[in-house]
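Trainee: Counting from 1, position 237 in the sequence shown corresponds to residue 237 in full-length UniProt numbering; the numbering is continuous, with no gaps.
Bear in mind the hints are in silico, worked out from the structure with no lab data behind them.
Some clues are possibly wrong.
As the list claims (entries may be wrong) - Within a straight-line C-alpha distance of at most 25 Å, the following computed BS3-like cross-link-like pairs (lysine-lysine) qualify:
| hint | residue 1 | residue 2 |
| --- | --- | --- |
| 1 | LYS24 | LYS55 |
| 2 | LYS168 | LYS181 |
| 3 | LYS28 | LYS55 |
| 4 | LYS229 | LYS168 |
| 5 | LYS70 | LYS24 |
| 6 | LYS70 | LYS55 |
| 7 | LYS63 | LYS24 |
| 8 | LYS181 | LYS256 |
| 9 | LYS24 | LYS74 |
| 10 | LYS229 | LYS256 |
| 11 | LYS74 | LYS61 |
| 12 | LYS168 | LYS256 |
| 13 | LYS28 | LYS63 |
| 14 | LYS28 | LYS70 |
| 15 | LYS229 | LYS181 |
| 16 | LYS63 | LYS74 |
| 17 | LYS28 | LYS74 |
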Amino acid sequence: MHTLEQLNAFIAVYEQGAYSSAAKILNKSRTTVREHVMAYEDVLDYPLFEIQGRKAVPTDKAKQLYFYAKVVEKQNLALFAQSQALFNSDIHTINIAYDVVVPIALMARVESEVLAHYPTMKVNWLHRTRHEALSMLESGEADFALMPNRGEIFTETDVTWQTLGDIKLRCYAGANSTLAKASLVTMASLQSETQYITENFINMNMRFTQVSPRLHVVSNSDLLCELVKHHGWTAMPEHTMRSYLRAGDIVELNPKEAMVGISIGLNVFYPRGKDNRAEFAHVIQWFADVSRDYLN
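Hey, can you work out the whole structure from these sequences and the hints?
Mentor: Dropping the structure here:
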(Lines of atoms letter the chains of each structure in order from A; the text may use other names.)
(Lines give C-alpha, C1' and ligand atoms only; values in the text may rest on other atoms or scores of the structure.)
Protein backbone atom coordinates (compact mmCIF):
# COMPACT_ATOMS: atom_id res chain seq x y z
CA MET A 1 0.00 0.00 0.00
CA HIS A 2 1.33 3.45 -0.88
CA THR A 3 1.71 6.28 1.65
CA LEU A 4 0.58 9.88 1.27
CA GLU A 5 4.21 10.99 1.24
CA GLN A 6 4.91 8.71 -1.71
CA LEU A 7 1.81 10.00 -3.49
CA ASN A 8 2.74 13.64 -2.85
CA ALA A 9 6.27 13.04 -4.11
CA PHE A 10 4.95 11.41 -7.30
CA ILE A 11 2.55 14.32 -7.95
CA ALA A 12 5.22 16.96 -7.30
CA VAL A 13 7.77 15.33 -9.62
CA TYR A 14 5.07 14.81 -12.28
CA GLU A 15 4.00 18.47 -12.16
CA GLN A 16 7.49 19.97 -11.82
CA GLY A 17 9.22 17.67 -14.28
CA ALA A 18 12.32 17.27 -12.12
CA TYR A 19 13.26 15.90 -8.70
CA SER A 20 15.11 19.06 -7.66
CA SER A 21 12.13 21.31 -8.43
CA ALA A 22 9.76 18.91 -6.68
CA ALA A 23 12.02 18.92 -3.62
CA LYS A 24 11.78 22.72 -3.38
CA ILE A 25 7.97 22.60 -3.61
CA LEU A 26 7.77 19.92 -0.92
CA ASN A 27 10.50 21.52 1.21
CA LYS A 28 12.41 18.24 1.28
CA SER A 29 15.77 17.10 -0.01
CA ARG A 30 16.05 15.74 -3.54
CA THR A 31 17.23 12.42 -2.11
CA THR A 32 14.16 12.10 0.10
CA VAL A 33 11.78 12.84 -2.78
CA ARG A 34 13.58 10.33 -4.99
CA GLU A 35 13.36 7.69 -2.25
CA HIS A 36 9.62 8.23 -1.88
CA VAL A 37 9.10 7.84 -5.62
CA MET A 38 11.27 4.72 -5.75
CA ALA A 39 9.35 3.21 -2.84
CA TYR A 40 6.10 3.95 -4.67
CA GLU A 41 7.48 2.30 -7.80
CA ASP A 42 8.35 -0.78 -5.72
CA VAL A 43 4.73 -0.94 -4.52
CA LEU A 44 3.40 -0.55 -8.07
CA ASP A 45 6.04 -2.81 -9.64
CA TYR A 46 6.55 -0.49 -12.61
CA PRO A 47 8.56 2.71 -13.24
CA LEU A 48 6.92 6.12 -13.05
CA PHE A 49 9.63 8.29 -14.60
CA GLU A 50 12.45 8.09 -17.10
CA ILE A 51 15.45 10.32 -16.37
CA GLN A 52 16.49 12.39 -19.39
CA GLY A 53 19.27 14.72 -18.38
CA ARG A 54 17.88 16.74 -15.47
CA LYS A 55 14.31 16.00 -16.38
CA ALA A 56 12.03 13.30 -14.97
CA VAL A 57 9.76 12.31 -17.86
CA PRO A 58 6.53 10.48 -16.85
CA THR A 59 5.96 7.03 -18.30
CA ASP A 60 2.65 6.18 -19.98
CA LYS A 61 1.46 4.44 -16.82
CA ALA A 62 2.38 7.50 -14.73
CA LYS A 63 0.26 9.67 -17.02
CA GLN A 64 -2.71 7.38 -16.45
CA LEU A 65 -2.11 7.31 -12.71
CA TYR A 66 -1.68 11.08 -12.22
CA PHE A 67 -5.37 12.05 -12.38
CA TYR A 68 -6.35 9.50 -9.72
CA ALA A 69 -3.41 10.50 -7.53
CA LYS A 70 -4.47 14.14 -7.79
CA VAL A 71 -8.00 13.28 -6.73
CA VAL A 72 -6.69 11.43 -3.65
CA GLU A 73 -4.42 14.37 -2.81
CA LYS A 74 -7.34 16.79 -2.95
CA GLN A 75 -9.57 14.52 -0.89
CA ASN A 76 -6.87 14.32 1.78
CA LEU A 77 -6.50 18.11 1.85
CA ALA A 78 -10.28 18.47 2.02
CA LEU A 79 -10.41 16.12 5.01
CA PHE A 80 -7.76 18.18 6.81
CA ALA A 81 -9.52 21.48 6.00
CA GLN A 82 -12.86 20.19 7.21
CA SER A 83 -11.38 18.88 10.44
CA GLN A 84 -9.69 22.23 11.09
CA ALA A 85 -12.93 24.11 10.39
CA LEU A 86 -14.45 22.53 13.48
CA PHE A 87 -12.00 24.46 15.66
CA ASN A 88 -12.30 27.90 14.04
CA SER A 89 -13.02 30.83 16.33
CA ASP A 90 -16.14 33.00 16.01
CA ILE A 91 -16.43 34.84 12.71
CA HIS A 92 -16.45 38.66 12.79
CA THR A 93 -15.10 39.57 9.35
CA ILE A 94 -15.60 38.23 5.82
CA ASN A 95 -13.03 39.09 3.15
CA ILE A 96 -14.20 38.75 -0.45
CA ALA A 97 -11.84 39.19 -3.40
CA TYR A 98 -13.48 40.01 -6.71
CA ASP A 99 -12.75 40.60 -10.37
CA VAL A 100 -13.73 43.79 -12.23
CA VAL A 101 -16.22 41.87 -14.40
CA VAL A 102 -18.45 41.01 -11.41
CA PRO A 103 -21.68 43.07 -11.39
CA ILE A 104 -21.48 45.71 -8.66
CA ALA A 105 -25.20 45.38 -7.96
CA LEU A 106 -24.73 41.66 -7.29
CA MET A 107 -22.09 42.34 -4.65
CA ALA A 108 -24.20 45.07 -3.05
CA ARG A 109 -27.15 42.69 -2.78
CA VAL A 110 -25.01 40.01 -1.14
CA GLU A 111 -23.67 42.51 1.40
CA SER A 112 -27.25 43.53 2.23
CA GLU A 113 -28.10 39.89 2.90
CA VAL A 114 -25.05 39.46 5.14
CA LEU A 115 -25.84 42.56 7.20
CA ALA A 116 -29.53 41.69 7.45
CA HIS A 117 -28.71 38.32 9.02
CA TYR A 118 -25.43 39.23 10.78
CA PRO A 119 -25.67 42.96 11.67
CA THR A 120 -22.26 43.12 13.36
CA MET A 121 -20.41 41.33 10.55
CA LYS A 122 -17.69 43.33 8.78
CA VAL A 123 -17.52 42.68 5.02
CA ASN A 124 -14.42 43.69 3.04
CA TRP A 125 -14.57 43.73 -0.78
CA LEU A 126 -11.08 43.50 -2.28
CA HIS A 127 -10.40 44.04 -5.99
CA ARG A 128 -7.76 41.48 -6.98
CA THR A 129 -6.51 39.50 -9.96
CA ARG A 130 -7.33 35.80 -10.09
CA HIS A 131 -3.81 34.79 -9.06
CA GLU A 132 -3.86 37.17 -6.10
CA ALA A 133 -7.36 36.09 -5.06
CA LEU A 134 -6.66 32.36 -5.09
CA SER A 135 -3.38 32.89 -3.23
CA MET A 136 -5.31 34.85 -0.59
CA LEU A 137 -7.77 31.97 -0.21
CA GLU A 138 -4.90 29.56 0.26
CA SER A 139 -3.18 31.74 2.87
CA GLY A 140 -6.42 32.53 4.72
CA GLU A 141 -6.37 36.25 3.85
CA ALA A 142 -9.66 35.91 1.96
CA ASP A 143 -12.75 33.80 2.56
CA PHE A 144 -14.25 33.98 -0.94
CA ALA A 145 -13.18 34.97 -4.44
CA LEU A 146 -15.57 35.96 -7.23
CA MET A 147 -13.62 35.11 -10.36
CA PRO A 148 -14.20 34.06 -13.99
CA ASN A 149 -13.87 30.38 -14.78
CA ARG A 150 -10.82 29.32 -16.82
CA GLY A 151 -12.48 26.10 -17.95
CA GLU A 152 -9.84 23.87 -16.33
CA ILE A 153 -10.48 20.72 -14.25
CA PHE A 154 -8.13 21.78 -11.45
CA THR A 155 -7.58 25.28 -10.08
CA GLU A 156 -4.12 26.74 -9.54
CA THR A 157 -4.45 26.32 -5.77
CA ASP A 158 -6.33 23.81 -3.64
CA VAL A 159 -9.75 25.43 -3.38
CA THR A 160 -13.27 24.47 -4.34
CA TRP A 161 -15.99 26.51 -6.00
CA GLN A 162 -19.63 26.90 -6.96
CA THR A 163 -20.73 28.05 -10.39
CA LEU A 164 -22.96 31.13 -10.27
CA GLY A 165 -23.83 31.68 -13.93
CA ASP A 166 -22.51 33.25 -17.12
CA ILE A 167 -21.40 36.78 -17.93
CA LYS A 168 -21.94 37.76 -21.56
CA LEU A 169 -19.21 39.76 -23.29
CA ARG A 170 -19.87 42.14 -26.18
CA CYS A 171 -17.74 44.58 -28.15
CA TYR A 172 -17.90 48.34 -27.52
CA ALA A 173 -16.29 51.51 -28.86
CA GLY A 174 -16.66 55.26 -28.42
CA ALA A 175 -19.70 56.77 -30.13
CA ASN A 176 -17.51 58.98 -32.34
CA SER A 177 -14.94 56.34 -33.19
CA THR A 178 -14.12 55.00 -36.64
CA LEU A 179 -15.43 51.60 -35.63
CA ALA A 180 -18.76 53.05 -34.50
CA LYS A 181 -19.24 54.83 -37.82
CA ALA A 182 -18.19 51.87 -39.98
CA SER A 183 -20.95 50.19 -41.99
CA LEU A 184 -19.35 46.80 -41.35
CA VAL A 185 -17.13 45.78 -38.42
CA THR A 186 -14.89 42.77 -38.99
CA MET A 187 -12.23 40.97 -36.99
CA ALA A 188 -9.68 42.62 -39.27
CA SER A 189 -10.94 46.10 -38.36
CA LEU A 190 -10.87 45.20 -34.63
CA GLN A 191 -7.30 43.97 -35.03
CA SER A 192 -6.28 47.27 -36.60
CA GLU A 193 -7.42 49.29 -33.58
CA THR A 194 -6.19 49.50 -29.98
CA GLN A 195 -8.00 47.07 -27.69
CA TYR A 196 -8.44 47.84 -24.01
CA ILE A 197 -8.53 44.70 -21.87
CA THR A 198 -8.85 43.95 -18.17
CA GLU A 199 -5.77 42.77 -16.31
CA ASN A 200 -7.40 39.51 -15.29
CA PHE A 201 -8.24 38.53 -18.87
CA ILE A 202 -4.53 38.85 -19.63
CA ASN A 203 -3.37 37.02 -16.51
CA MET A 204 -5.85 34.19 -17.09
CA ASN A 205 -4.58 33.81 -20.67
CA MET A 206 -8.12 33.99 -22.06
CA ARG A 207 -7.08 34.00 -25.72
CA PHE A 208 -10.55 34.50 -27.12
CA THR A 209 -10.67 37.94 -25.47
CA GLN A 210 -7.36 39.01 -27.04
CA VAL A 211 -7.99 40.11 -30.63
CA SER A 212 -5.84 43.12 -31.41
CA PRO A 213 -2.02 43.01 -31.32
CA ARG A 214 -2.21 46.45 -29.68
CA LEU A 215 -3.46 45.52 -26.22
CA HIS A 216 -3.65 48.14 -23.47
CA VAL A 217 -4.12 46.51 -20.06
CA VAL A 218 -6.30 48.34 -17.51
CA SER A 219 -7.04 47.14 -13.97
CA ASN A 220 -9.97 49.44 -13.24
CA SER A 221 -13.18 48.99 -15.27
CA ASP A 222 -14.25 52.65 -14.86
CA LEU A 223 -10.94 53.84 -16.25
CA LEU A 224 -11.16 51.30 -19.08
CA CYS A 225 -14.62 52.60 -20.08
CA GLU A 226 -13.44 56.20 -19.92
CA LEU A 227 -10.52 55.41 -22.21
CA VAL A 228 -12.74 53.58 -24.71
CA LYS A 229 -14.97 56.67 -24.98
CA HIS A 230 -12.07 58.41 -26.74
CA HIS A 231 -10.04 55.68 -28.40
CA GLY A 232 -10.00 52.02 -29.44
CA TRP A 233 -12.51 49.37 -28.36
CA THR A 234 -13.07 46.70 -25.72
CA ALA A 235 -14.87 43.43 -24.98
CA MET A 236 -16.69 43.79 -21.67
CA PRO A 237 -19.76 42.45 -19.84
CA GLU A 238 -23.09 44.00 -20.80
CA HIS A 239 -23.85 45.13 -17.25
CA THR A 240 -20.62 47.16 -17.06
CA MET A 241 -21.45 49.18 -20.15
CA ARG A 242 -25.16 49.94 -19.68
CA SER A 243 -24.78 53.41 -18.15
CA TYR A 244 -22.32 54.44 -20.89
CA LEU A 245 -24.68 53.15 -23.56
CA ARG A 246 -27.59 55.10 -22.06
CA ALA A 247 -25.47 58.24 -21.94
CA GLY A 248 -24.59 57.80 -25.61
CA ASP A 249 -20.84 57.89 -24.95
CA ILE A 250 -20.25 54.31 -26.06
CA VAL A 251 -21.96 52.10 -28.65
CA GLU A 252 -22.09 48.36 -29.10
CA LEU A 253 -20.25 46.87 -32.07
CA ASN A 254 -21.52 43.86 -33.97
CA PRO A 255 -18.59 42.29 -35.79
CA LYS A 256 -19.70 39.83 -38.42
CA GLU A 257 -17.38 37.10 -37.13
CA ALA A 258 -16.57 36.05 -33.55
CA MET A 259 -16.67 38.00 -30.25
CA VAL A 260 -20.44 38.57 -30.31
CA GLY A 261 -22.18 37.36 -27.20
CA ILE A 262 -19.32 35.21 -25.91
CA SER A 263 -20.01 34.06 -22.35
CA ILE A 264 -17.62 33.36 -19.50
CA GLY A 265 -18.61 31.53 -16.34
CA LEU A 266 -18.45 33.24 -12.97
CA ASN A 267 -17.59 31.17 -9.90
CA VAL A 268 -17.37 31.79 -6.19
CA PHE A 269 -14.18 30.11 -4.97
CA TYR A 270 -13.51 29.24 -1.33
CA PRO A 271 -11.21 26.99 0.76
CA ARG A 272 -12.31 23.41 1.27
CA GLY A 273 -14.30 23.02 4.46
CA LYS A 274 -15.31 26.69 4.54
CA ASP A 275 -18.96 25.78 3.97
CA ASN A 276 -18.98 23.70 7.17
CA ARG A 277 -19.62 26.92 9.09
CA ALA A 278 -23.19 28.21 8.93
CA GLU A 279 -22.13 31.83 8.34
CA PHE A 280 -20.04 30.95 5.30
CA ALA A 281 -22.58 28.45 3.98
CA HIS A 282 -25.18 31.22 4.07
CA VAL A 283 -22.93 33.57 2.09
CA ILE A 284 -22.38 30.93 -0.59
CA GLN A 285 -26.14 30.42 -0.84
CA TRP A 286 -26.75 34.18 -1.11
CA PHE A 287 -24.22 34.40 -3.94
CA ALA A 288 -26.11 31.65 -5.77
CA ASP A 289 -29.54 33.16 -5.13
CA VAL A 290 -28.64 36.75 -6.02
CA SER A 291 -26.71 35.71 -9.14
CA ARG A 292 -29.91 34.52 -10.77
CA ASP A 293 -30.97 38.16 -11.16
CA TYR A 294 -27.71 39.33 -12.73
CA LEU A 295 -26.16 36.43 -14.63
CA ASN A 296 -27.33 34.31 -17.55
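Trainee: Taking the hints in turn, state whether each one holds.
Mentor: Now the hints, each set against the structure:
| no. | hint | verdict |
| --- | --- | --- |
| 1 | LYS24 to LYS55 | holds, 15 Å |
| 2 | LYS168 to LYS181 | holds, 24 Å |
| 3 | LYS28 to LYS55 | holds, 18 Å |
| 4 | LYS229 to LYS168 | holds, 20 Å |
| 5 | LYS70 to LYS24 | holds, 19 Å |
| 6 | LYS70 to LYS55 | holds, 21 Å |
| 7 | LYS63 to LYS24 | holds, 22 Å |
| 8 | LYS181 to LYS256 | holds, 15 Å |
| 9 | LYS24 to LYS74 | holds, 20 Å |
| 10 | LYS229 to LYS256 | holds, 22 Å |
| 11 | LYS74 to LYS61 | holds, 21 Å |
| 12 | LYS168 to LYS256 | holds, 17 Å |
| 13 | LYS28 to LYS63 | holds, 24 Å |
| 14 | LYS28 to LYS70 | holds, 20 Å |
| 15 | LYS229 to LYS181 | holds, 14 Å |
| 16 | LYS63 to LYS74 | holds, 18 Å |
| 17 | LYS28 to LYS74 | holds, 20 Å |
Violated hints for the displayed structure: none, as all numbered hints are satisfied.
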